[in-house]
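Chemist: Now for the letters of each chain:
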Amino acid sequence: MEFFERFMIPHPSFLIYVSMVLIVLVSIALVGVITYFKLWGYLWREWITTVDHKKIGIMYLLMALLMLFRGGVDAIMLRYQLSMPENTFLDAQHYNEVFTTHGVVMILFMAMPFITFFFNFLVPLQIGARDVAFPRLNNLSFWLFFMGAMLFNLSFVVGGSPDAGWTSYFPLADVEFSKSVGTNYYMIAIQIAGIGTLMTGINFITTIMKMRAPGMTLFKMPMFTWSALIANLIVVFAFPVLTVALAMGAMDRLFDTQFFAIGNGGMDMLWANLFWVWGHPEVYILILPAFGIFSEIISTFSRRNLYGYNSMVWSMIVISVFAFTVWTHHFFTMGQGAFTNSIFSITTMAIAIPTGVKIFNWMFTLYKGKIEFTTPMLYAVHFIPLFTLGGVTGVMLAMSAADYQYHNTMFLVAHFHNVIIPGVVYAMLAGLTFYWPKMFGFMLNEKIGKATVWVMSTGFLLAFMPMYITGLDGQARRMYTYSESTGFTTLNMVSFVGAGIMAVSFIMLVWNIWYSFKNSPRNIGSDPWNARGLEWATHTPIPAYNFAITPDITDSTSEAFWDMKHKGTEIFKGDIKKIHMPNYSGVPFIMSCGFFLLGFSLIFSMWIPAIVGLIVVLACMAYRSFEKDHGYYIPEEEVKATEKQYEKRGAK
Amino acid sequence: MAKVDHSVPLEYSTEENDLKIFGFWVFLGAEIMLFGTLFAAYFTLVDRTGSGPSGAEIFEITPVLAETFLLLTSSFTIGLAIHAMRLGSKKATLTFMGITLALGLAFLSVEIYEFLHYVHVGAGITVSAFTSILLTTLGTHGLHVTVGFFWGLFIMIQIAKRGLNPETANKSFIFSLYWHFLDVVWIFIFSFIYLKGMM
Ligand code: HEM
Ligand SMILES: [Cu+2]
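The listed protein sequences correspond, in order, to chains A and B. First residue of the first sequence? That's 1 in the numbering used here, and the numbers climb one at a time after it. First residue of the second sequence? That's 653 in the numbering used here, and the numbers climb one at a time after it.
Looking at chain A on its own, in the form it has when it is part of the complex (with noise of 0.2 Å):
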């Protein structure tokens, strides 16, 4: 009984119970429908153990959106419990717990995979490979991600969920102050994601760097390639800070090292430091990426290339320096002093220069542009003013003696939301309808979809621009209820109802998938935007093989697509041959659970099994150490008869 006692929740309250049974009749009733329609095979061969960047992505996709519902939920009952004074929704104890999941599934569980999916779905397509230059490490990259998402989750329901914000700072972080395993969940499901995003960052850098088509110099990369390269250094160079913060971290709680202990030397605000100095290029892995998918939106949309290309690509770069020169400015106000915080003032304001130079060269590719408003450019349209409000109350917040007013109140929070949501959450729902085409063959309707974003936009300015102002008036963030003298009511309420509205805007997205999903047609060919870019050069849908005959583009520009239509430059020269392709794996999925396994036991110090998922994690390491995998041939006679179809059905 004792044993079974450590995995019971510390807090339970009515709704956790409610999930534990959700949790449980839903998974049943999964392993029930695959069973009964014998699909396991089809998902191990097809999906499990696929090596298909373009399937790897949809698998982060689905997982991007599926922990955006769960995050959402959080977002709904943190409002809910605000929208009214001393409401007893939530306790103190249960509201601490969904903000921190809130923030980490938001951005660690959601908003990296979402551009996981891109960098995996378009990279190879933009520069006209064949695949990843790593497509089993790939695979791997995918299940950590996978097994420390799902491990994450699992604290909800097993042992407590975290409970110190998603900053997790010490000393509250620490077993004095944060007695559940909810903290272990947070150091080590995190530690596994993570290392599943720094192999993804070095497969994508080699990729792009060793693998670009014949032709295709480093200045004639489509955008959202460029973006893509540079948010994978920022993830190679800030990543590893995090695996050490998250390492020492753990160890602090399960080992009793002083690392940022009260006592013993140990010093708390090193743990600040180390956590800003991934957090803040980490704000730039996100927002880079959003950048790159709005400049190929806002170029096939405005009927012209992009403007100021170059400075495009130079400011991403100086931004990419400028990311890790601005930590401090997340804790102004612990104490390091005048000189320090002025100069980090100066770094966080310089950071303004190159965003606002990239702001500049969209509106200058949307004038004179013949600007179409389909849903993706309609998403880009309202990013830009919110995105600039956003920018500027960062600046506001970037003047240190400014912060001590605005630090830790609600008008840092609506800063934040400012630029993640019309910045990042935009450009994946942009350019999720963008190439949802590309990906399904047929188009996301229209009319639903341009609603969806003015319903979005108006539920984003009544949910956050209400932060701004009691921020200002001095309301706290991670505060779980006020009193109405206050004077805080009126505006929290509208709050909630903007953030209903937004909920109100997921749905009908949800809704329009379904709807196109039953109504589109499906014969849109491979073109249905009239777009620029390499990525659109492929059948529809795209055959294993990307492309049957490699592009060169030695004669095109960075629009290869376009030139190749409108120039008529030819960029598939040569004969169709056989085509290398790298064979399916299930080893990276078996790793991948002896991840999970060492995970969940070190969480609850459970050290014998720790240790036997500690030997399947070596074992399968040692096994690929011997494996030969030389992957296989296409024949060209089978890649020839798959173009033919294409052909006939007419698709080009």
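Rather than coming from a laboratory, the hints here were simulated on the basis of the structure. Don't be surprised by glycine CBs; every beta carbon is placed ideally from N, CA and C. Certain hints may be false.
Straight-line alpha carbon distances no greater than 27 Å define the calculated DSSO-like cross-link-like pairs of lysine-lysine that follow [said to hold, decoys possible]:
hint, chain 1, residue 1, chain 2, residue 2
1, A, Lys-628, B, Lys-823
2, A, Lys-450, A, Lys-370
3, A, Lys-578, A, Lys-518
4, A, Lys-628, B, Lys-742
5, A, Lys-368, A, Lys-450
6, A, Lys-577, A, Lys-565
7, A, Lys-648, A, Lys-518
8, A, Lys-640, A, Lys-577
9, B, Lys-813, A, Lys-628
10, B, Lys-823, A, Lys-210
11, B, Lys-743, A, Lys-628
12, A, Lys-565, A, Lys-644
Not the full set, but computed from the structure, chain A residues with beta-carbon under 7 Å of chain B [unchecked claim]:
hint, residue
13, Ile-205
14, Lys-210
15, Ser-625
Given the coordinates of chain A, assemble chain B with the ligands onto it according to the supplied hints.
Modeler: Using the frame of chain A, we list chain B with the ligands on its own:
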């Protein structure tokens, strides 16, 4: 088998090989950040000894010199192994790799002795922020050497069984990069942790 290009060394000779070497350099970039973070944390915490001992009180020069000597020599012998590999001598390659791994094992033995010594003199990992970061930094390096030992062993078995081909050559070359890297990290540990600590 993939296309083999004979104008470059064996380890670079296929496209896959070329990708792997490049990817490994990127990985080493991440490793530099990892150890860089550990060093930054070490410098932050080095004087925060709480009620525990300081570096000067616990460091012993003899085992440290022995470790340095062993690891630097092993870096030299792995270089010789790669040289032998380029010359196409399977036997010499295996011999030098064997020496490298033996030196690595000797290094690890001394390091284990060193750790036991620290625990013995009351500088275990839980004593103070300083001992925590000291043993974590050294331990992370030691763990890398341990992983390297088994990795190297596996490669040796493969060379012995399958001979020197583009694949084994590629693996050996990447392994040598890793091993040199660990050596460089050790030089930093030696200079900035031990020497500086003993002064
Ligand atoms: C013009 C550019 C920007 C400037 C000058 C800026 C400035 C700041 C400052 C000074 C803070 C800390 C304020 C405080 O704690 O009191 C902050 C917090 C934050 N910013 Fe920004 N920011 C900018 C853009 C962005 C972007 C593009 C993102 C994300 C995509 C972002 C995400 C965040 C997040 C997540 C936090 C706070 C997290 C937390 O404390 O939990 N910011 N920003
Ligand atoms: Cu920041």
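Chemist: Which of the numbered hints above does this structure break?
Modeler: 3
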